[in-house]
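Engineer: For reference, the chains in residue letters:
Number of protein chains: 2
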Amino acid sequence: MSKANAFYAQSGGVTPVINASACGVIETAAQYKDLIGKVYAGRNGIVGALREDLIDTSKESKKAIRGLMTTPAGAFGSCRYKLRSLEENRAEYERLIAVFKAHNIRYFFYNGGGDSADTCLKVSQLSKKMGYPLQAIHVPKTIDNDLPVTDNSPGFASVAKYVAISTREAAFDVASMCDTSTKVFILEVMGRHAGWIAGASCLAATAGSEAPHVILFPEVPFQEQGFLDRVRKSVARCGYCVVVASEGVQTADGKFLSDSGVRDAFGHAQLGGVAPTLAGIIQSKLGFKYHWAVSDYLQRAARHIASQTDVDQAYAVGAEAVRLAAAGKNAVMPTIIRRPGAKYRWQIGETALTRIANREKKMPRKYISRDGFGVSAAGRAYFEPLIQGEAYPQYKDGMPVYTELRNVRVAKRLPETFTV
Amino acid sequence: MSKANAFYAQSGGVTPVINASACGVIETAAQYKDLIGKVYAGRNGIVGALREDLIDTSKESKKAIRGLMTTPAGAFGSCRYKLRSLEENRAEYERLIAVFKAHNIRYFFYNGGGDSADTCLKVSQLSKKMGYPLQAIHVPKTIDNDLPVTDNSPGFASVAKYVAISTREAAFDVASMCDTSTKVFILEVMGRHAGWIAGASCLAATAGSEAPHVILFPEVPFQEQGFLDRVRKSVARCGYCVVVASEGVQTADGKFLSDSGVRDAFGHAQLGGVAPTLAGIIQSKLGFKYHWAVSDYLQRAARHIASQTDVDQAYAVGAEAVRLAAAGKNAVMPTIIRRPGAKYRWQIGETALTRIANREKKMPRKYISRDGFGVSAAGRAYFEPLIQGEAYPQYKDGMPVYTELRNVRVAKRLPETFTV
Numbered sequence: 393m394s395k396a397n398a399f400y401a402q403s404g405g406v407t408p409v410i411n412a413s414a415c416g417v418i419e420t421a422a423q424y425k426d427l428i429g430k431v432y433a434g435r436n437g438i439v440g441a442l443r444e445d446l447i448d449t450s451k452e453s454k455k456a457i458r459g460l461m462t463t464p465a466g467a468f469g470s471c472r473y474k475l476r477s478l479e480e481n482r483a484e485y486e487r488l489i490a491v492f493k494a495h496n497i498r499y500f501f502y503n504g505g506g507d508s509a510d511t512c513l514k515v516s517q518l519s520k521k522m523g524y525p526l527q528a529i530h531v532p533k534t535i536d537n538d539l540p541v542t543d544n545s546p547g548f549a550s551v552a553k554y555v556a557i558s559t560r561e562a563a564f565d566v567a568s569m570c571d572t573s574t575k576v577f578i579l580e581v582m583g584r585h586a587g588w589i590a591g592a593s594c595l596a597a598t599a600g601s602e603a604p605h606v607i608l609f610p611e612v613p614f615q616e617q618g619f620l621d622r623v624r625k626s627v628a629r630c631g632y633c634v635v636v637a638s639e640g641v642q643t644a645d646g647k648f649l650s651d652s653g654v655r656d657a658f659g660h661a662q663l664g665g666v667a668p669t670l671a672g673i674i675q676s677k678l679g680f681k682y683h684w685a686v687s688d689y690l691q692r693a694a695r696h697i698a699s700q701t702d703v704d705q706a707y708a709v710g711a712e713a714v715r716l717a718a719a720g721k722n723a724v725m726p727t728i729i730r731r732p733g734a735k736y737r738w739q740i741g742e743t744a745l746t747r748i749a750n751r752e753k754k755m756p757r758k759y760i761s762r763d764g765f766g767v768s769a770a771g772r773a774y775f776e777p778l779i780q781g782e783a784y785p786q787y788k789d790g791m792p793v794y795t796e797l798r799n800v801r802v803a804k805r806l807p808e809t810f811t812v
Numbered sequence: 393m394s395k396a397n398a399f400y401a402q403s404g405g406v407t408p409v410i411n412a413s414a415c416g417v418i419e420t421a422a423q424y425k426d427l428i429g430k431v432y433a434g435r436n437g438i439v440g441a442l443r444e445d446l447i448d449t450s451k452e453s454k455k456a457i458r459g460l461m462t463t464p465a466g467a468f469g470s471c472r473y474k475l476r477s478l479e480e481n482r483a484e485y486e487r488l489i490a491v492f493k494a495h496n497i498r499y500f501f502y503n504g505g506g507d508s509a510d511t512c513l514k515v516s517q518l519s520k521k522m523g524y525p526l527q528a529i530h531v532p533k534t535i536d537n538d539l540p541v542t543d544n545s546p547g548f549a550s551v552a553k554y555v556a557i558s559t560r561e562a563a564f565d566v567a568s569m570c571d572t573s574t575k576v577f578i579l580e581v582m583g584r585h586a587g588w589i590a591g592a593s594c595l596a597a598t599a600g601s602e603a604p605h606v607i608l609f610p611e612v613p614f615q616e617q618g619f620l621d622r623v624r625k626s627v628a629r630c631g632y633c634v635v636v637a638s639e640g641v642q643t644a645d646g647k648f649l650s651d652s653g654v655r656d657a658f659g660h661a662q663l664g665g666v667a668p669t670l671a672g673i674i675q676s677k678l679g680f681k682y683h684w685a686v687s688d689y690l691q692r693a694a695r696h697i698a699s700q701t702d703v704d705q706a707y708a709v710g711a712e713a714v715r716l717a718a719a720g721k722n723a724v725m726p727t728i729i730r731r732p733g734a735k736y737r738w739q740i741g742e743t744a745l746t747r748i749a750n751r752e753k754k755m756p757r758k759y760i761s762r763d764g765f766g767v768s769a770a771g772r773a774y775f776e777p778l779i780q781g782e783a784y785p786q787y788k789d790g791m792p793v794y795t796e797l798r799n800v801r802v803a804k805r806l807p808e809t810f811t812v
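Chains as they are written, first to last, in the working numbering: chain U, 393 to 812; chain S, 393 to 812.
Take the hints with a grain of salt, since some may be wrong.
[Said to hold, decoys possible] In silico lysine-lysine, DSS-like type, Cα no more than 27 Å apart, as pairs:
1. U:Lys735 / S:Lys430
2. S:Lys425 / U:Lys788
3. U:Lys474 / S:Lys681
4. U:Lys681 / S:Lys647
5. S:Lys430 / S:Lys721
[Stated by the list, open to error] Label-pair distances were calculated between CB atoms; the ranges are:
6. U:Gly679 / S:Pro613: 30 to 36 Å
7. S:Ala494 / U:Ala628: 30 to 36 Å
8. U:Asp763 / S:Asp763: 49 to 55 Å
9. S:Ile729 / U:Ser450: 51 to 57 Å
10. S:Lys735 / U:Lys451: 34 to 40 Å
[Stated by the list, open to error] Now the stretches of chain U that chain S is said to cover, found in silico as 3 or more residues with beta-carbon under 8 Å:
11. 716-728
12. 732-739
13. 747-759
14. 791-801
If you're looking for bench data, these hints aren't it; they were derived computationally from the structure.
Yeah, the Cβ is synthetic: ideal placement off N, Cα and C, and Gly gets one too.
Start from the sequences, fold in the hints, and give me the full structure.
Structural biologist: See the structure below:
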């Protein structure tokens, strides 16, 4: 195999540790100097490739690349951009190949979730059809934890840790005030289709603290009466109730609770409104004083309290992607394997992208408690190892030091522009 | 002075470090064994005294008391309960004195904000009138930072640190996605009457990062057009815009923006809805894709990222309160004094409660930038020293270890009950 350049892009919603995967790719590529030349990153993800807007990562210092280990969000920019099917827009795929060819790129590392895995697979298939030798490796990433095959997805564990800690802290707050003030606190967390993030809040509970008292999953249809009963019982027993609700909670007819009528001053439906919607139901039916929080981007950007396990795994899948490429693999993805045994141990495996693309892993029913409002012992055993270790960033003047790269542009080689 | 017991109570909204003040009171009282017998805490604040529901803090281990240094919320319970004026409800004040007398309590330590300072002063005045020898010392605490005289109030600095870090992290997230996704992110923070917390978000900005681009203070009347212009310009210049809004933002006619029409599915006005209200305005007038977060209790319970400076000061005012009592002082409050000079140095002072009660310190105009949408250099210089140092808690199994006390009840000595 002759020496060629690599392309790396971040895709979809960013995470506290996606840059650790980037660091794994870039540092490991440097160990294969006979195979891999430069690592070019797409500015703003795959659209950077379509626009021939490439970043030369070799222009960054080693220290800056190392700084990615403790920097949240997407250091090269990410995007919400789904390539359409080959039939619908073959031109986009051909453009990708043209850009890769122009820059002698034969390694394609795509760091994303399920949609991106599908794109990665298609790019691999098309390059083969077109006779262009490209190895496409997908690097897993999603806070939603909904990728199949892999035991967990990098990014999720840090969000899980943040949500569990935030739930415990808020529970202490509510518990200390409930005698004369707020009785019900609702925390809305991300997870449009799967309840993994909401489920992880179960780790807030210990022998001495029962919160969260109610967890609402997208996997369990919302039933108002059962929910209200649980809230009322919790207030009667503990004096207060902490609810953690996934943004994707829906009723039995598949309607998102957040779409159930919350309107702003202009009559617009509000998005991300599960918490206020639940608060409204509680106020009107039970009359309890409530507070609610929507942590939104804070949860997925909270690098200041990332899980060390997550950081290690994010780096490992990035590094492994390069090793897989060096070994001649194509259309594969590194996975995280949970080894058997009471003590948590993990290793990196691999899987074909055909087993990943367009499949969504929801919370299995066995991880949810029988009544549907909590997490089972099996679920807790799944979550707990993932949040181990505090991967603190460095601080300067009381604030975390996050790396901003120079992101030096690679000179264009193609005459035509491509509008995305 | 003969030996007597002390009463300590937590009042109003809790903070990440109010328990550090409790630790300061209890540990320092133990150094005055000839003057101070036991420290009794009110269960759920002052209502614990009214109900004669006292906690014997001597039943806790030294380790548990030390654990308060790293535990958020109110370890003995707090309350939202404002004693009415002496004229309106003299019975309550007389009841307090009766309970104090029954338990030989002659030191009254009240840990709260402005309302509590007023109560503390009244209790001092009434005990004098009734001929009961009581020394009432107020221990400052409020995340709102609105107590006068003291340079800052314990509790605020940790919330400031949390908000500044969260703003920086979310800004990294939005910056990396704005090309194809969210352009405007709005973070709603606490501060009903004063913009200190919103202002502290200015620390998220460094030379390399401009967010937050817009800060909305209760002190600056909200004007929609000026706000929209700022948002549009920020998106044009940076590609995105981060807005930090105080929950107390109001229009020129004194109407809270959060009361401007947001209704839930049942037609109820939603509280804490400044962020969705602003999002609605942005969507309808500018059409940008937006996200919003309301951190609510998370910000004031976030002990996991407390400011070391704040923890030190919270302990110091608790300890000083006991020293003031031992020195025979009455109706006073320890204050934090910022010493002159370029390097931040602080010391503890004292002030009369008559200078504290019922006064509210808003953000001075000189701390707000001329255009009203940001913080001046003077404001930044005020905020920056307060967030120094990371006072991390211990972790076990990936979660912070927070102390739960035994809270052993003191046997009642009064025949009558008192309903609160």
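Engineer: Would you list, in rising numerical order, the hints stated earlier that this structure does not obey?
Structural biologist: 1, 2, 11, 12 and 13
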